[in-house]
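Student: Listed below are the residues making up each chain.
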Amino acid sequence: MNFILRLLRKPNGLIGALMLGAVLLMAVLGAVWTPYDPLKSDLLHRFAAPGTAHPFGTDMFGRDVLSRLMRGAWVSVSIGFATLVIPVLLGTILGAAAGYFRGWFDRLLIMVLDALMAFPGLLIALGLMAVIGANRYGVILALSFAYLPAVTRVVRGSVLSISQSEFVEASAVMGNSRLYTLIVHILPNCLAPLIVLSTMMFGWVLLAESALSFLGLGVPPPEPSWGNILSEAKAHLMRYPLLGLLPGICISVALLGVNLLGDALRDELDPKSASGPSKETI
Amino acid sequence: MKIRNGLLGTVMLAATLACGTVVPALADSMVRMALNADIRGTNPGVTRDGNTDIIHGHIIEGLVTYGANFEIIPMLAESYEVSDDGLTYTFHLRKGVKFHNGAVMTSKEVLWSWNRLAGPESESHCKNYFNGKNNINVVAAETPDENTFVIRLERPYAVFLATIARFDCGAMGILHPDSVNPDGSWNAPIGTGPYMLGDHLPGRYVELKRFPDYVSRDEPLNGYGGGKHAEVDTLHFDIVGEGAVAKTALQAGDLDLVQIDAMAAAELQGQPGFTVDATQSAVWDTYLLNPNDPLLKDVRIRQAMAHAIDPEQIMAAITEGFGKASPSPVPPMSANFTQVEAQYPAYDVELARSLMQQAGYDGEEITILATRRNGAYYERALMAQAMLMDAGFNAKLEVVEWGTQLEAYRKAEGYTMQSFSFSPRLQAGLSFEMFTGAATRKAWQDPEAIALVNESLQTGDPARLQRIIDELSRRFNTEVPAIGLGHRMLFTGLSDRVEGFENWGAGMLRGWMLRVAG
Amino acid sequence: MFLFVLRRIVMSVPTLILVAVIIFCLVRALPGDAALMMLGGNIDDESTLEMMRRQLGLDQPLPVQFLAWLREIFSGNLGISIRTGQPVGALILDRFGVTATVVLLAMGTALIVAIPAGLIAAHRHNTKVDYAIVVLTILKLSMPSFWVGLMLLVLFGAILGWLPTVGFVSMSQDFGLGLTYLILPVTSLALSEIAVMTRMMRAGSLEVMNRDYITHARAKGLPERQVLWRHVFPNAFAPTLTMVGIALAGLLAGAAVTETVFTLPGLGKLLVDSIYGRDYPVLQGALLFIAAIYVVTNLLIDIAYSFFDPKVRLS
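Residue numbers (this note's numbering), protein chains in the order written: chain A, 1 to 282; chain B, 1001 to 1518; chain C, 2001 to 2315.
Okay, chain A solo, but in the shape it has when bound (with noise of 0.2 Å):
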């Protein structure tokens, strides 16, 4: 409790809790009530200018911009969020099983990292989706593998640093299994580079969901991301540059609060790192 007050207290955390507490909002919200169906075409409205029936107009579908937003909001954090479990959990067993067991599966593991670091975020997502199938779920899994490589550094890396000190030769003295030292003494005090990272990669994933979906190969139309709002509007963006202009908005000041709000995390929990903010991989 001490800690988020601490937090709050931070300008930059404050404002990129309520910044990114405004958009968790929009997204609960538009999956739950929108305005219109954000689905629903209407062919005789098409290009609606902002009015009272629709406050952001209509898109070149005759569908409402507002509603699609919100329901666009929903798919984008949801797959941010289902996004982080993956390379999260596996990225810390085998991050922490490299780190500390070191030998052949650490080289091993490092060279198949390697591998597919050199790929490009955008072809892992198309190759997985082939299998999967083009849809939110073929998203989450593509980024899931594309950031995996990244929590596995991490973490394999603090285990490294860790098991150097002396807490955790004394615990190895007291007799104490490597699994219960690993567990017990290991991994609670790589808790805070993660938090600081997961922060991050919710942005990251915000973004690379945005640009793949934007070059048409993230979430499938006619279900809105804020990705494919805009990559939709990128044909009529010269006569009707709203419909891009506030997708756009949406993403950035969902990436702000990501990005303020990590900053001041990484001061509180982790100040000797130094990853940067979210930006673009692909």
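No lab work stands behind these hints: they were computed from the structure.
Model, not experiment: these values are computed from the prediction.
Note that CB positions come from ideal geometry on N, CA and C, so glycine has one too.
Treat the hints with care, as some may be off.
Said to hold, decoys possible - With a Cα cut of at most 20 Å, we get these calculated PhoX-like pairs of lysine-lysine:
1. B/Lys1133 to B/Lys1442
2. B/Lys1396 to A/Lys40
3. C/Lys2128 to A/Lys10
4. B/Lys1098 to B/Lys1108
5. B/Lys1411 to B/Lys1297
6. B/Lys1442 to B/Lys1411
To be verified - These stretches of chain B come out as covered by chain C in the derived footprint (C-beta under 8 Å, 3 or more residues):
7. 1032 to 1044
8. 1125 to 1133
9. 1402 to 1410
Chain A is already provided as a structure; the job is to place chains B and C on it using the hints.
Tutor: Chains B and C only, in chain A's frame:
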């Protein structure tokens, strides 16, 4: 705009000089156009695709070709005769036709060219049209004299001439044997067409040079045949992958003639210095229904879907008001398109609902497959989905990549309905054949319909053909194997520099019509 | 030292081979059939389809195709494009030239702006100038660069009409015209890099400024400007330089989204187009090229690190 043209022309000239190519004389005229992808090769009927066929079509000619209403007309043949039993085709060759190397065409080259594509050693897919694997089995190709070429078939087949004239086989185009190297490998096309292959810088541009000794037919121009009086010295095709880039280049004066989409046409229309040509093509935009889907086994469901969808509204939206509905698979410009072919299931949501009720429809999911691709596949699917939902269908849209959709099409699985398009079939029987038959991918697998289609491909009697096509059209509307939408509008943006352009139903560019103004 | 470098180079070979295997499997696992797509769905009979597969060499068993591809890799021309019949190696180099032009211009611009900005922010730590720079960079970092690119296009291309909106003219063909086509893509890429580099530079400088030798230099009475340029800058720039290396590799490999926004015929665009067109040789070649850029960059960074930090050599 004109001034800018001049300036860029100078720049281009300088660029040509820098490349060390032949310097065109000042009087040389050039029209600059765009291809959306590079040509696949220079070997007609072998290294080809839709784009490449356009280039090849300027270089080579066949014995026969398609007229404006898709009738078969002679091209390099002066005339031809079909024997009463429909087995022997005799082509009387035109005299004095010259190849690009100056040689005069005789039956010797015609036979050589025939064997090149249709012979057992051929590397072309075209040989499968004539070797008995499909409907046609050519048992002999003979040259009784220098100006006569004879083909004998095993069984009569009315669409034989139309098959020869296919664009994807370069109309079984006549080439001089020097087109290949002494070792038999391909060198370069030496044809009889009004243009010769010029510079080709892979990935950048392709050029066609006017063939000054071209011997034209005397008739007026007709479709892809008739008289060809080329005037423009150089047809320059820049490879421009993006439609939006090509349109911008047109507006900037860097290109003279560009294929554009409906949005661009609406934007460009009325702008000074440009004209927009909108022509209905024989490309059929349709919704294919999956023949294996259990829900669609009930004809009432298919009829309900047809009545729930309004082709008129959808065509108007995807063509920005330029186009209108023509749901029959037979294109409106076909000689076989009559009052019967103009009929289609009316847009009637009440009727659709009552049909659904009779069939006991209970919210079963209808998956509409589509892809984001030129040709408004996605837009068409989305609008159909909205209309089906209005009628009470539980329609879901699934957007996949084009490659994935083609696999689904070939295997007829993973969809209830999909937006699809067929390239022009220039014979009414083939317009039905393209989606009718026993193969898995075909939407219409009704044996009676297949029998009718086969009959239409064999009969040589025009009246009988019309009766069969009419019968097929009526059955198509009641059995609803697919829901037709219309025949695609082709839009061409032209700068005022260019005159004489006309598009036609097959959509194949005819560069020999073009003139440079002023 | 030499042994370490040699070992790292040898170690990257299995990585590259693994990469090649992964690429091949991934590409061939894509749904869809290149031959079917070449025919555009207009299949008149199955024999036509088989013929097309044979023409494209797709009728061979996959291991045979893989070996054929390996042979092509070692011969250096990486095969022939299915779509256009061009040699893939030449195609990639051609497209890479476009990407490299844009990326290097963007990175150069970014460094020119970011280095002074970062130094000034650190020098004026906790003043209004510092806050302004920090807020601006974090604002920019929160905007997707492709979206910024799109908005620049709408503003300068459509509303103001100052710059061409789409397309590309090679600067070797027409320098002035070529430059106008590059302004927007370079700007949109440079903006994000400026944000990243400024932050790196600022953080690095702050750390250096607290060190004894800087205090010592100041104590000696050196002018502040000289302290910044002679002592702070070189020491703070080292970590930024690493970042430049990583960012360059990333950008060269795939400015796919930016290239798509501005329809630039670069490597990323080639990659996306070949995915959609199922042009297997181009797709495989482009991916291998991109992967090689990453592997080589990592190698160079590792080697560079080993010069500074002997511990790395031992691990």
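Student: Against this structure, judge whether each hint is valid.
Tutor: Now the hints, each set against the structure:
This hinted pair checks out: lysine 1133 of chain B and lysine 1442 of chain B have alpha carbons roughly 18 Å apart, not beyond 20 Å. A threshold of 20 Å between alpha carbons decides the hint, and for lysine 1396 of chain B with lysine 40 of chain A the separation of about 12 Å falls inside it, so the pair holds. Of the pairs offered as hints, the one joining lysine 2128 of chain C and lysine 10 of chain A holds, with about 17 Å between alpha carbons and a cut-off of 20 Å not exceeded. Using a Cα cut-off of 20 Å, the hinted pair lysine 1098 of chain B and lysine 1108 of chain B holds, with the two alpha carbons roughly 14 Å apart.
Between lysine 1411 of chain B and lysine 1297 of chain B the CA atoms are separated by roughly 17 Å; this keeps the pair inside 20 Å, and the hint holds. Straight-line distance between C-alpha atoms of lysine 1442 of chain B and lysine 1411 of chain B comes to about 9 Å, which keeps the hinted pair within the 20 Å bound. Given as covered by chain C, the region 1032 to 1044 of chain B passes the check, having 5 residues with a CB less than 8 Å from a CB of that chain where 3 are the minimum. For the region 1125 to 1133 of chain B, the assignment as covered by chain C holds, since 4 residues bring a beta-carbon within under 8 Å of that chain's beta-carbons and 3 suffice.
With 7 residues having a Cβ less than 8 Å from any Cβ of chain C, the region 1402 to 1410 of chain B passes the three-residue criterion, so the hint holds.
The structure agrees with every numbered hint stated previously.
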